[in-house]
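Peer 1: Sequence:
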Amino acid sequence: MLEVCNVKKSFGGLKAVDGVSMSLPRGGITLLIGPNGSGKTTFVNSITGFLHPDGGHVYLEGKEITGWPMYRICKEGMVRSFQLPAPFGGLSILGNLLAACECGPGESLLWSPFKDMWRTKERENVREAFAVARAMELTSYWDAPMAETSTGHIKLTEIGRALLAGAKLVILDEPICGVDPVMADEVFSFLVRLRDEQDLTFLVIEHRLDIALKYADYVYVMNQGTLIAQGSVDEVLNNRQVKEVYLGS
Numbered sequence: 001m002l003e004v005c006n007v008k009k010s011f012g013g014l015k016a017v018d019g020v021s022m023s024l025p026r027g028g029i030t031l032l033i034g035p036n037g038s039g040k041t042t043f044v045n046s047i048t049g050f051l052h053p054d055g056g057h058v059y060l061e062g063k064e065i066t067g068w069p070m071y072r073i074c075k076e077g078m079v080r081s082f083q084l085p086a087p088f089g090g091l092s093i094l095g096n097l098l099a100a101c102e103c104g105p106g107e108s109l110l111w112s113p114f115k116d117m118w119r120t121k122e123r124e125n126v127r128e129a130f131a132v133a134r135a136m137e138l139t140s141y142w143d144a145p146m147a148e149t150s151t152g153h154i155k156l157t158e159i160g161r162a163l164l165a166g167a168k169l170v171i172l173d174e175p176i177c178g179v180d181p182v183m184a185d186e187v188f189s190f191l192v193r194l195r196d197e198q199d200l201t202f203l204v205i206e207h208r209l210d211i212a213l214k215y216a217d218y219v220y221v222m223n224q225g226t227l228i229a230q231g232s233v234d235e236v237l238n239n240r241q242v243k244e245v246y247l248g249s
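Oh and the sequence shown: position 207 is 207 in my numbering, straight run, nothing missing.
To be clear, the hints were calculated from the coordinates, so they are not data collected in a lab. Mixed in with the good hints, there may be bad ones.
[Unchecked claim] Below, in silico cross-link-like pairs of lysine to aspartate or glutamate (DMTMM-like), each with a Cα-Cα straight-line distance of 25 Å or less:
no.: 1; residue 1: Lys75; residue 2: Asp54
no.: 2; residue 1: Lys168; residue 2: Glu102
no.: 3; residue 1: Lys75; residue 2: Asp196
no.: 4; residue 1: Lys15; residue 2: Asp54
no.: 5; residue 1: Lys8; residue 2: Asp18
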């Protein structure tokens with residue numbers, strides 16, 4: 001699904017990402033972990049178009065997307081979230097979901113006078129948004145303003161927006177940060193359901209390992225801009241270098 005080969009990114013003399021390679025199979029939940037400042041977010045920024053990598057190659061379903069702008073990468077099916085969500089606070093949960101849907105002809109000055117042509121598309125978008133809200137068990141809150149809703153619901157809405165944008169690969173940067181343990185498990189359970197039912201692929205950066213590791217199919221560990229370990233959950237937890245560098249033992 002995703003192949004990353006020897007990606008590098010520096011800021012002056014600091015090598016934030018130093019030759020990281022990664023392979024994500026279709027239909028899996030891959031966890032990317034490491035101490036604060038290890039380069040995880042910079043790595044994700046470099047492969048999703050938020051930053052331009054200094055070196056290396058990125059392939060999505062066999063197509064090279066290295067250095068593409070974010071909107072083109074999104075159209076190819078790779079969608080990401082950020083550490084700090086930035087929803088439209090004045091809109092409802094449904095409004096935020098609809099913002100991710102494909103634009104209808106009603107948004108074009110040329111076609112806007114022809115209501116019959118764009119109302120059909122708008123109805124389709126609403127049906128799709130409600131279907132996503134129902135799958136995430138958010139229908140009871142669909143009209144709640146985002147500025148007044150919980151962090152957990154905001155995180156779920158971000159995942160829903162990725163689905164409505166047509167994502168095949170979703171990259172989540174700390175999706176359960178600030179979320180209570182019960183809701184955190186619900187977020188990951190939803191990812192598992194999407195993996196199993198829709199064959200979606202996930203790359204997840206997360207620090208709350210007590211929860212995240214229960215759901216991971218594969219784990220990569222970064223430290224000081226490089227990968228220091230990869231493998232199954234058990235393999236990574238038993239890795240000597242991971243224990244020394246990441247767990248401090």
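Peer 1: For each hint, tell me whether it holds in the structure or not.
Peer 2: Hint check:
1. Taken as a hint, the Lys75 and Asp54 pair is honoured in the structure, with Cα atoms around 23 Å apart against an allowance of 25 Å.
2. Distance hint between Lys168 and Glu102 is fulfilled; the C-alpha atoms sit about 15 Å from each other, no more than 25 Å.
3. Of the pairs offered as hints, the one joining Lys75 and Asp196 holds, with about 23 Å between alpha carbons and a cut-off of 25 Å not exceeded.
4. Proximity of Lys15 to Asp54 is assessed by CA-CA distance (about 10 Å); at most 25 Å being required, the pair is judged to hold.
5. For the hint linking Lys8 to Asp18, the alpha-carbon distance of about 5 Å falls within 25 Å, and the restraint holds.
The structure agrees with every numbered hint stated previously.
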